[in-house]
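Visitor: Can you make the complete structure from the sequences, with help from the hints?
Protein chains in written order, with the working numbering: chain A, 1 to 763; chain B, 1001 to 1105; chain C, 2001 to 2168.
You may find that some hints are simply not true.
Unchecked claim - Ranges between beta-carbon positions, derived for each pair:
id : chain 1 : residue 1 : chain 2 : residue 2 : range
1  : A       : PHE665    : B       : ALA1059   : 55 to 61 Å
2  : A       : LYS751    : B       : ALA1059   : 54 to 60 Å
3  : A       : PRO80     : B       : GLY1033   : 43 to 49 Å
If you're looking for bench data, these hints aren't it; they were derived computationally from the structure.
Bear in mind that the values here come from a model prediction, so they are computed numbers and not experimental data.
Ideal placement from N, C-alpha and C gives every residue a C-beta, glycine not left out.
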Amino acid sequence: MAAATNNGHFKVIGTRPIRHDGIDKVMGRAKYGADYAFPGMLHGKLLRSPHAHARIKSINLTKALALPGVKAIITGKDLPKAENKLEQSGEMTVNPYYLSMNILAHDKVLYDGHAIAAVAATNPHIAEEAVRLIEVEYEVLPPVMTVDAAMKPGAPILLHDLRNKEEGNKETNVAQHHQFKRGDIEAGFKSADFIIEREFNTAMVHQGYIEPHNAVGIYNTDGQATIYCSTQGAFDVRSLSAQVLGIAVGKIKVVPAEIGGGFGGKTTIYLEPLSVLLSKMTGAPVKLVMTRGEVLRATGPTSGSKIKVKMGATKDGTIVAAQVWMAYEAGAYPGSPVGAGAMCIIAPYTIENLQIDGYDVVVNRPKTAAYRAPGATNAAFASETIIDELADKCGMDPLDFRLKNGVKEGSAQVVGPPFKRIGFVETCEAIKNSEHYKSKLTGKNRGRGVATGFWFNAGMQSSATVNIHTDGTASVVTGSTDIGGSRAAMAMITAEVLGLPVTDVRPLVADTDSIGHTDVTGGSRVTFATGMAVYEAAQDAIKQLTERAAKVWEIKPDQIEFRDGAFHSKAGDKPPMAIKELAKRLARTGGPITGRASVNARGVGPGFAATLVDVEVDPDTAKVKLLRCTIAQDAGRAIHPSYVEGQMQGGTAQGLGWALNEEYFYDDKGTLRNTGLLDYRMPTCLDLPMIETIIVEVPNPGHPLGVRGVGEVSIVPPPAAVANAIFHAVGIRMMETPMSPPKLMKEMLKKRAAENAQSAAAD
Amino acid sequence: MLPDGAGPIRSGSGFFPMPTAIIPALLRKLTAGRERVAVKGGTVREIVADLERQFPGLANHLLDAGEIKPSIAISIDGEIVPGGVLEPVGENSEVHFLPALSGGA
Amino acid sequence: MSRKTLVDAIVNGEPTEFLCEPRQSLLECLRDVLELTGSKEGCLTGDCGACTVMIDGRAVCSCLVFGPEVQGKRITTVEGLADATRLHALQQQFLEHASLQCGICTPGFLMSAKALLERNPNPTEPEIRYALAGNLCRCTGYDKIVRAVTDAAKTLREDGHDRAAARS
Chain A
1 MAAATNNGHF
11 KVIGTRPIRH
21 DGIDKVMGRA
31 KYGADYAFPG
41 MLHGKLLRSP
51 HAHARIKSIN
61 LTKALALPGV
71 KAIITGKDLP
81 KAENKLEQSG
91 EMTVNPYYLS
101 MNILAHDKVL
111 YDGHAIAAVA
121 ATNPHIAEEA
131 VRLIEVEYEV
141 LPPVMTVDAA
151 MKPGAPILLH
161 DLRNKEEGNK
171 ETNVAQHHQF
181 KRGDIEAGFK
191 SADFIIEREF
201 NTAMVHQGYI
211 EPHNAVGIYN
221 TDGQATIYCS
231 TQGAFDVRSL
241 SAQVLGIAVG
251 KIKVVPAEIG
261 GGFGGKTTIY
271 LEPLSVLLSK
281 MTGAPVKLVM
291 TRGEVLRATG
301 PTSGSKIKVK
311 MGATKDGTIV
321 AAQVWMAYEA
331 GAYPGSPVGA
341 GAMCIIAPYT
351 IENLQIDGYD
361 VVVNRPKTAA
371 YRAPGATNAA
381 FASETIIDEL
391 ADKCGMDPLD
401 FRLKNGVKEG
411 SAQVVGPPFK
421 RIGFVETCEA
431 IKNSEHYKSK
441 LTGKNRGRGV
451 ATGFWFNAGM
461 QSSATVNIHT
471 DGTASVVTGS
481 TDIGGSRAAM
491 AMITAEVLGL
501 PVTDVRPLVA
511 DTDSIGHTDV
521 TGGSRVTFAT
531 GMAVYEAAQD
541 AIKQLTERAA
551 KVWEIKPDQI
561 EFRDGAFHSK
571 AGDKPPMAIK
581 ELAKRLARTG
591 GPITGRASVN
601 ARGVGPGFAA
611 TLVDVEVDPD
621 TAKVKLLRCT
631 IAQDAGRAIH
641 PSYVEGQMQG
651 GTAQGLGWAL
661 NEEYFYDDKG
671 TLRNTGLLDY
681 RMPTCLDLPM
691 IETIIVEVPN
701 PGHPLGVRGV
711 GEVSIVPPPA
721 AVANAIFHAV
731 GIRMMETPMS
741 PPKLMKEMLK
751 KRAAENAQSA
761 AAD
Chain B
1001 MLPDGAGPIR
1011 SGSGFFPMPT
1021 AIIPALLRKL
1031 TAGRERVAVK
1041 GGTVREIVAD
1051 LERQFPGLAN
1061 HLLDAGEIKP
1071 SIAISIDGEI
1081 VPGGVLEPVG
1091 ENSEVHFLPA
1101 LSGGA
Chain C
2001 MSRKTLVDAI
2011 VNGEPTEFLC
2021 EPRQSLLECL
2031 RDVLELTGSK
2041 EGCLTGDCGA
2051 CTVMIDGRAV
2061 CSCLVFGPEV
2071 QGKRITTVEG
2081 LADATRLHAL
2091 QQQFLEHASL
2101 QCGICTPGFL
2111 MSAKALLERN
2121 PNPTEPEIRY
2131 ALAGNLCRCT
2141 GYDKIVRAVT
2151 DAAKTLREDG
2161 HDRAAARS
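Guide: As structure tokens, then:
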């Protein structure tokens, strides 16, 4: 087992205990959403559109309903009408009208795989047969598959009631325009010695969680419903399902199952309200589980994008101006992460003159959902490639160029407010001083590339309770579903505050009735915000325990100090009393102790990462082999270093897949052609090297333990790092992802042809 | 009207600190191109009301039924704050109106 | 629609009879009929390996096998890895190396790794990566998984025998 990174201040924080839920997971006992079964349970399946863009003229359920074993079928008509406006739902901004239509289409289908009807039957095979018996008449419309096609004048319109502020009452596919401006870019570019202007295209990619979406809905005749599902946010499932079903939030209880990956894709809802509605109609629990094909066709991937960047620098290596135009695919309904992309694209650098225009564009693809640092990876692919080119032009080492322009405490962000204490410089220096960076890379067709990334991280709301048991052990209850081992960190923080061994603290992820409101597990916020609530709840327990100790000793609470896991009388006149001992006296001193806290967390610390990658390009197949990879990331304070490393490695692996092979293939009819994991090609064990991690700790001044979110930023640099490495290997600047063999080979052949033509001309 | 880029204004007896609102790029057409505007108020509600006084029609882009629009996040002195119109604003604070990032990973 | 078939097999060392429709996969039989939900469904096309079990000592994707096909065969699932009182070395090393984050792929990896170590008790890193290339993990980047398998192999060699293999 690896050595602890305990810095000496802490007894538990910084160590690497075995996670409390680990044994159940390695034994196959842990219950994920699809593992739930109830007596009399029915199984549901969905009918999905085969067309990318069509009007639904009629739906005939007769034959399907007649199949023995079919108990109910619902369509979009069975969902209540929702309002067409942006609303606050928990902490998410959501348009219930679009959300409802995405769950079951109303009059139009807007992507291959768009759900139209849901069937409940006695077994999943009968449900599938019934789906095939539903008859739908479509009026097929021309599909609009790219931002270029969608933004062209005269493009077919997807949503006839969509308007954006700038085009007045005109029908459009552009849902939103964001703009950020500072200084004077014309003057800036005039003063530049080098200007680089390029256009980038990134393909749509999926979060790729191994576990498909699932939900079991149980509706009772008294109007109370329970949903069991794998989700990143039980409270969001509750509020969003309530909106879609038109019932009160308080009538739904959501029990989060263990979750098999989310990465942002399970922060919204698809099956949950349908499982409840089908249960209402049949009087039985109803389970819906997606197939892999449905996951890829119909659940949020992240946007493909077109990004044009122009950047200028003076020959001493100062970036003086940047201009960006970016259009992101929102999918069928508005809501791409272009706003975030626009705010991230040059976030690590101090640039006086900038203008960034970002467009959210609807296309006939699945409605996009959040994917680990949404919007930032697309943006960094463009900007970090250009930064590399500029560094080259200025004759500077790529890390030195970044360090020269890099943001520090007090630097203005793209949107203006100055950064508090951040670790961009330290993260770059960690890579610069790494053994990997210092090592020589030799051999033909080999190259090294580096890139950096930024993510804001989120705060939001969390609640926690800490219960002291009669034997002096404790449990800590939170509402943050555990997608990466976070419950261990919650136990560790509690143990640290209470002075207990971590094995004496049991962490629990609770349902929506058993814990106060807790926002989604995402935004790299759990260790930060839920950890903050846990820290405060544990402190609250100590405060109450101190009052009890005061009673026992018949002195005042302010005469007592808690340290090293025990209560001490400041006067020194009593032997210290451990929690274990005090716990025996709780009943006689006032009853049980529960420490509690709720936060709407402030003091968020943004995260930076820097990724270094060595590649080898096969000159005959254009396959890119990953030779070596190192990531440095500022974690603020690593509570459980193994799981922090895990987040760094996982995000890196996803970024590498995004860089090299992952993309959605649509044909000219708008049908998705790679609906399985063979052809939606994610990295396997054989594709990746060991991923070396360097945890940088520049404590976040806003958090009691210095924590910064770590879950997301690691996915941001890899595509640009790989592009830069490919350039140094074979002299080609790739400007589209994925940089898969067919695409790279095309460029390599072009280059060879140009070189041959040149040398032929020279002869 | 106050000069562009103003923060504290000079008066006979010294400086009166005033918060500064940073106007989003696409709304600067309503503020005659000004990016930084000194505003009066101790809460977000008060400074938005002051912005409306200085530039009629601006509040419509920021508020929905009296609360900050769900699509807008408020950042005060570099930190995203959750209090909406109730959020207190300090004398020297910088207030930014940003696109809200959707909750989630 | 066909009537159900009675299947006789040995599951995790126990003689087991179960009824299944011919169209039900072994994965479905394990999860829905035998209530052994440790094997997971990820893709139903044999591409992700989350459903990996061992049949007569060979690692297979149970989503690609029909229930009736295992008549008379020996099946090992993740539920059969640990002893009554002790985790298998692979399970222990996965925990110590933090080789799981969401854990959904873990049962499949454990079974593929077990199959590897039974035929190759001292695999190199490339051999481990090759053997596990049929199991997808989206959370970990595989680094800690490979380290765990390496250390488990070492533990098993030092222990001299594989207890679970003896049982199934």
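Visitor: None of the hints should be skipped; say for each whether it holds.
Guide: Hint check:
Distance hint for A/PHE665 and B/ALA1059: a CB-CB separation of about 47 Å, inconsistent with the stated range 55 to 61 Å. About 56 Å separates the C-beta atoms of A/LYS751 and B/ALA1059, a value consistent with the hinted range of 54 to 60 Å. Distance hint check for A/PRO80 and B/GLY1033: the Cβ-Cβ separation is about 46 Å, which falls inside the suggested range of 43 to 49 Å.
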